[in-house]
Amino acid sequence: MNPPRASFFSQSWLILLLGLLFGGALVAVHTNLSPVIAANQRAETLRQLPGLVLPAAELAGAEITVSGDRIAVRRASGETLDLAVAESEVAGHQLYTLAAAGGAPLGYVVRGIGSGYADDIDLLVGLSGDLERLTGLFVLSQKETPALGDEITKEPFRRWFAGAPATAPLVVVKSAAEAESAPGRVLALTAATISSRSVCDIVNATVAAVRPQLAAAASAAAPAEEGETDGGR
Amino acid sequence: MAVAELELPAAVDDGPTAAERFIAGIVPENPTFRQLLGMCPTLAVTAAMKPALTMVAATAFVLISANVMVSLIRHLLKPHLRILVFTLTIATFVTIADRLLAAYLYPMSVALGPYVPLIIVNCIIIARCEVCGSKQGPFTAFADAVGNSLGFLIGLGSVATVREILGMGTWFGLPVLPAVVPRWVIMVMPPGAFIALALLLALVNWYQARPKRRAEV
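Read top to bottom, the protein sequences are chains A and B. With the working numbering, letter number 70 in the first sequence gets 70, and the count goes up by one each step, no holes. With the working numbering, letter number 210 in the second sequence gets 1210, and the count goes up by one each step, no holes.
FYI, nobody ran anything at the bench for these hints, they're computed from the structure. Mixed in with the good hints there might be a few duds.
Claimed, not checked - Rough simulated footprint, nothing fancy, chain B against chain A, three-plus residues with beta-carbon under 8 Å:
(1) 12-20
(2) 27-34
(3) 136-145
Stated by the list, open to error - Below, simulated DSS-like cross-link-like pairs (lysine-lysine); rule was C-alpha separation at most 25 Å, straight line:
(4) A/Lys174 / A/Lys143
(5) A/Lys143 / B/Lys1050
(6) B/Lys1050 / A/Lys154
Stated by the list, open to error - Anything over 12 Å on all C-beta distances counts as not near chain B; from chain A, calculated:
(7) Gln41
(8) Gly114
(9) Leu131
(10) Arg197
(11) Arg211
(12) Ala215
Virtual Cβ for every residue (Gly too), placed ideally from N, Cα, C.
Okay, chain B solo, but in the shape it has when bound (with noise of 0.2 Å):
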């Protein structure tokens, strides 16, 4: 078959409402903790609430621009180019979220170092692109792009919340726990991020399962 006829199936705008996107984004398909996605940012940046959520920030302008600019120019779309306009309008909001964090956050910018440009390759970004941005209107892919951010505040700050406690006796730098209390000095180094984000996990698999164990019984 020729490139030139292949076409978007037409724009699904029946699909979930904007209601249903922002609900599902947060809990039921959280990115973290159902979907698994955005693993790289969640282990790497969350030894302190501070920089994990700078982090979430940077990633939501991205989330919420990209997926409102690719749900404006769904219906102009070609199949098989799809994937390099999300590529392309995601590295441009990245760029765009990595200059003004050197410009009014430098110190964290500093302090995320790669990790910011590494968004471009966050695949709950191009994920929702897919999914949503590319099939509904724009305020359903917006409110699918808010979800999805809480949902990722929810991941990130939990994982950094268990990290910095447990680590240094802190929350956003501010003491929590007594002097007496040892530090798990192990939590805020690289292990510790996957210790964390296991222990959560399993958590959340656990009170999810809760409700099927008791009708079995």
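For reference, chain A alone in the conformation it holds in the complex (with noise of 0.2 Å):
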């Protein structure tokens, strides 16, 4: 009988092996592709920052081009909207602060990460400009269960966090009376609890690290201006 461990090496060596070469081939592949995954999925998260910073009816059959920095919101009725979009991070997320060209704030998009029923979620999450609702939610990924699950991502569950109050946590609740009772209060999928509590848990997550300091940014950034207003005059 072959000692324990020449046992183990005989018995596995093509298993190492392959997992050696085919690790190997998924960091090239991870390596080289990573990059245009990036940027497609950047050129996904502006597109969507209209729609989760303005109301649904300013952009009823609008047309929405990217192109770098700046969004252009082509309206059904002709009329274009120029919005700029700056990014950085705060607490670890990624902010994207929206503003008519030349104007101040619109509102904030925020990027949240979190672990879902099977993977990660990431998420982006609307804050409205004076950081006291949220204006939208949009699934940039998720691998949660087809049919049950990936309801998450689509309207009937979106709309219950666009107009919740930024200033507390939402609600995970089963009775959809109980949903419409109050605002901040998301009726859970059928069959699908965690993934309903997991988006949620992201979003209080993602407000509660971003908000407080996009508000302390906000009153130390209002006495400058009305400073520099006084001084102007």
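Using the supplied hints, reconstruct the complex from the two chains, each of which is provided in its own coordinate frame.
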């Protein structure tokens, strides 16, 4: 009988070798494709920004074009709204500040990542310019259970987030009547409570981390702007 | 018996020829209609032709790559570890397919969502590795994988054709039905996948049973 160690290697050498080869191949693929995928995700993120900050009525039938850090929203009426996007990082979260060209911020969009049922959920959450309420939710990537957990990407679930207060954590509830009774309540998806709760946890953690810093920055900027205005008089 | 004593039977290179494997995968042993394998994507991503064909392309890439790879190492496989090797091989190529889609077909990658990683558990692939890849040479394994990929294309393409035309009046997004024809919205919803698959299976079974019925008459 072979000694245990020799037996282990004689049984598993092919798997170990394949693991090394396939691992190397995946590293090469990841290294080469990651920049392309990141660029795709950034373009997708920028395309979603107007919908996460502006009211849905303003975007009905609108065509959105992204060019660098500018977003052009061409409304059905023919009028074009030019938006400037400023990217920064706050409390470890990617922050997109959306403003009309030369104007005050219209709102903020923050990227949050956290654990879902099957894999990480990567999402964008919109915050109003005064930081008082959420203005929307978009799921950038997820691998939740098809036809159950992946319903988090769809409008019937996302609608609970637009208009919810940003000052208190969202609460997941299981009855529609309870969800309708007050803002800030999110109706859990049937048979996908963990996915629903995961999204709310990610949104709560993201807003809790980013909002105080944005509020502090806004209040620090306000007196300075007043001073500049006074000085101008 | 000690595990180390187990050995795979000698490779059966005198099995079906490459041409026979290729033909068998397309119609006689069609993975969708004759073997009822790969039902998850058949039902889940066939609401329209574009996602269905993207799924076929991704599955074909994994099937061909895994089958040829398994064939190349078939003499080194140990019987009790072969499923582990198949899974490792398939998972690697599925990850590569997933990353390629995310890089070069991003909207389709988003639309297909978790169904691309789920190719790992597609029974067509592991079945071909077991039936052909682990027993025959790389050329035969390649022909077998291409034939089965074409069979899978026929399966998904036919279900998606029925669903998209009846449900949306389009094919590949192009209008094919006049506006006056009512749309059967149910066909692009989950029940529509079951209805379309059942009707097509019934049609295939009816067609295949015809010579037998004639002979009986």
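Compare the structure with the hints numbered earlier in the document and write down the numbers of the violated ones, lowest to highest. 7
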